[in-house]
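Student: Single-letter residue listing:
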Amino acid sequence: MIDVRLIDAPFNPGHFIDAFTRAQPGPGGICTFVGAVRGMGGVQALELSHYAPLTLPGMERLGESAVARFGLLGVLIAHRTGVMLPGEPIVCVAASAQHRRAAFDAVDYTMDHLKSRSWFWKRERRNGEWTWIEPRAEDYADLTRWD
Amino acid sequence: MAVRLVFLGRLQDVAGAAELCVEDAPLADVLVTLPAELALALADERVRWALNGALIGEHGGIVLQDGDELAFLPPVSGG
Chain A
3 MIDVRLIDAP FNPGHFIDAF TRAQPGPGGI CTFVGAVRGM GGVQALELSH YAPLTLPGME
63 RLGESAVARF GLLGVLIAHR TGVMLPGEPI VCVAASAQHR RAAFDAVDYT MDHLKSRSWF
123 WKRERRNGEW TWIEPRAEDY ADLTRWD
Chain B
2 MAVRLVFLGR LQDVAGAAEL CVEDAPLADV LVTLPAELAL ALADERVRWA LNGALIGEHG
62 GIVLQDGDEL AFLPPVSGG
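Taken in sequence, the protein lines are chains A and B.
Quick note: the first sequence uses the numbering used here, first residue 3, plus one each step.
Quick note: the second sequence uses the numbering used here, first residue 2, plus one each step.
Accuracy of the hints is not assured; some may be wrong.
What the simulated footprint calls covered on chain B by chain A, stretch by stretch (three residues with Cβ under 8 angstroms from a Cβ of chain A suffice, anywhere in the stretch; the number is not a length) [said to hold, decoys possible]: (1) 26 to 38; (2) 72 to 78.
Sample of chain A residues lacking proximity to chain B, with all beta carbon distances greater than 10 angstroms (derived) [as the list claims (entries may be wrong)]: (3) Gly-16; (4) Gly-41; (5) Gln-46; (6) Pro-55; (7) Leu-56; (8) Glu-136; (9) Ala-143.
Keep in mind that the hints were calculated from the coordinates and are not lab data.
Don't be surprised by glycine CBs; every beta carbon is placed ideally from N, CA and C.
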């Protein structure tokens, strides 16, 4: 199963992981990752914007490519948009496979591609001022691991 | 009339709005009506363009039709 969604309000990753797990026909392993807004460093809020015609279709293709590449039984990609506060989940990725290595690698691959290939723009508020976040060289370097 | 230009990410700040309505016309004619700073930002080679939801590689020769949506997408910083 491929479960890909954009969410515009605070969400509980456990809810989606639980539903994803229950829907599986007995995988050998499920690996999950949850990314959240960092609580340190003076960030008061984070805002993620997207472009509807491209963002979700791109995430769906990413999910399909992860399933094909790692031979997954299923993948879950849930991603927030809108304004988030420190501690709130931003993204949840889960991969199910017959063996653990494929599940670990698929989550890693999916996160690297979400970070630097998916159509999201991020800005953060510090000291009451919003600043757009520019892409980081590390994010592009992470992608080359999968070439 | 009624072509929508959509600005994503930091381009919203440059444009002063998330969207702008312009006349249907050849794109080159539309771009010269925009503030110079915005036109320059849109022409940055790292900015991708999407016409009616599909990424386009070539910018030349585009004629915007009534109802079109042209989005300008700066480098992503998501996840």
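Student: Hints first: check each against the structure and report whether it holds.
Tutor: Okay, the hints, checked on the actual structure:
1. 26 to 38: violated (count 0)
2. 72 to 78: holds (count 6)
3. Gly-16: With a cut-off of 10 angstroms, Gly-16(A) remains clear of chain B, as the shortest Cβ separation is near 20 angstroms.
4. Gly-41: Holds: least Cβ distance 18 angstroms, greater than 10 angstroms.
5. Gln-46: holds, 18 angstroms
6. Pro-55: Not fine: 3 angstroms to the nearest Cβ puts Pro-55(A) too close to chain B.
7. Leu-56: Contrary to the label, Leu-56(A) does not stay out of reach of chain B, its closest Cβ about 6 angstroms off (not over 10 angstroms).
8. Glu-136: violated, 6 angstroms
9. Ala-143: Check passes; 14 angstroms lies beyond 10 angstroms.
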